[in-house]
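A.B. asks: Anchor point for the sequence shown: position 58 equals 157 in the working numbering, and the numbering is continuous, going up by one each time.
Heads up, some of the hints might be wrong.
[What the hints assert, rightly or not] The calculated label-pair distances, taken between Cβ atoms and stated as ranges, are:
#1 276 <-> 310: 37 to 47 angstroms
#2 310 <-> 278: 18 to 28 angstroms
#3 215 <-> 137: 37 to 47 angstroms
#4 185 <-> 214: 40 to 50 angstroms
#5 318 <-> 214: 15 to 25 angstroms
#6 188 <-> 294: 37 to 47 angstroms
#7 160 <-> 287: 37 to 47 angstroms
#8 310 <-> 184: 21 to 31 angstroms
#9 292 <-> 217: 17 to 27 angstroms
For the record, the hints were derived by calculation from the structure and aren't laboratory data. Glycine included, each C-beta is placed from N, C-alpha and C at the ideal position.
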Amino acid sequence: MRYDYERVWKGDLMRRVLITGGSRGIGKAIADKFAANGYQVTAPNRVELNLEDSASIKEFINNYKDVYFDVIINNAGCNDINMIDEIKDDEIDRMMTVNLITPIKLIRGFVGKMKENKYGRIVNIGSIWAVVSKEGRTIYSATKNGIHGVTNTLSVELAVYNILVNTVCPGFTLTEMTKKNNSPDAIIEIVKNIPIGRMAEPKEIAEAVFFLGHETNTYITGQKLVVDGGFAEK
100 MRYDYERVWK GDLMRRVLIT GGSRGIGKAI ADKFAANGYQ VTAPNRVELN
150 LEDSASIKEF INNYKDVYFD VIINNAGCND INMIDEIKDD EIDRMMTVNL
200 ITPIKLIRGF VGKMKENKYG RIVNIGSIWA VVSKEGRTIY SATKNGIHGV
250 TNTLSVELAV YNILVNTVCP GFTLTEMTKK NNSPDAIIEI VKNIPIGRMA
300 EPKEIAEAVF FLGHETNTYI TGQKLVVDGG FAEK
């Protein structure tokens, strides 16, 4: 079976998107954007899919093994900030698992249906810290650079199946994680270094993700799209 573009555009087929971390922040904005445009959104909570637990990941994939996801968005992530000599083993394990290993497992688990249907869009959420550097982000930056490495390889490996794979790297965005990792005064100082003069709203990141995940994207693959208001250019 090949993907029926005409029937999708006419609304005759229900498109499906899998998104991790879809309950808040950027993930919720992405989920809302796809839902508003007619997609059936699967955004598992921690009970349905524990991203840190291999057994839970395996069970989730098995439960959805017959489902064809048109789009997979690996959005969930964690970010513990510590200098290199203060990083704990459990922080390394958690960030590597959630930010890099689990996305690979989810893609591996569901890409078969995409290949079978000769259509798929995969968007991995990276970070500005995969573009520029800041102290305390050793492991986080490693995972986000790693996820773009996944994007690079799969964009080549899966192109023949009409599966496009890209990374979106958000800059500073007004989310719970940003507020957790930065004091109000720190946020004011950060904004001074963003040429556009403010942090992004989650919905602005969602717009970029939606474009790359939508069928109107027919040729962009293997790219790292930075959405940061010009921060990385300073």
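A.B. asks: Return holds or violated for the Cβ distance of residue 276 and residue 310 against the range 37 to 47 angstroms.
C.D. replies: At roughly 23 angstroms between Cβ atoms, residue 310 and residue 276 fall outside 37 to 47 angstroms, so the hint is violated.
A.B. asks: Take the C-beta atom of residue 185 and the C-beta atom of residue 214, compute their distance, and say whether it sits inside 40 to 50 angstroms.
C.D. replies: Holds - the Cβ-Cβ distance for residue 185 and residue 214, about 43 angstroms, lies within 40 to 50 angstroms.
A.B. asks: Given the range 37 to 47 angstroms, decide if the beta-carbon distance of residue 160 to residue 287 lies inside it.
C.D. replies: holds, 44 angstroms
A.B. asks: Is 17 to 27 angstroms respected by the C-beta to C-beta distance linking residue 292 and residue 217?
C.D. replies: Roughly 44 angstroms apart at Cβ, these two residues miss the hinted range, so it is violated.
A.B. asks: Confirm or reject the claim that residue 310 and residue 184 have a C-beta distance inside 21 to 31 angstroms.
C.D. replies: Check failed, 41 angstroms falls outside 21 to 31 angstroms.
A.B. asks: Starting from the hint 37 to 47 angstroms, judge whether the C-beta atoms of residue 188 and residue 294 obey it.
C.D. replies: holds, 39 angstroms
A.B. asks: Could one say that the CB atoms of residue 318 and residue 214 fall in the range 15 to 25 angstroms?
C.D. replies: holds, 19 angstroms
A.B. asks: Look at the Cβ atoms of residue 310 and residue 278 and judge whether their distance stays inside 18 to 28 angstroms.
C.D. replies: This hint holds: roughly 27 angstroms between Cβ atoms.
A.B. asks: Is it true that residue 215 and residue 137 lie within 37 to 47 angstroms of each other by Cβ?
C.D. replies: violated, 22 angstroms
Violated hints, in rising order: 1, 3, 8 and 9; the structure is consistent with all others.
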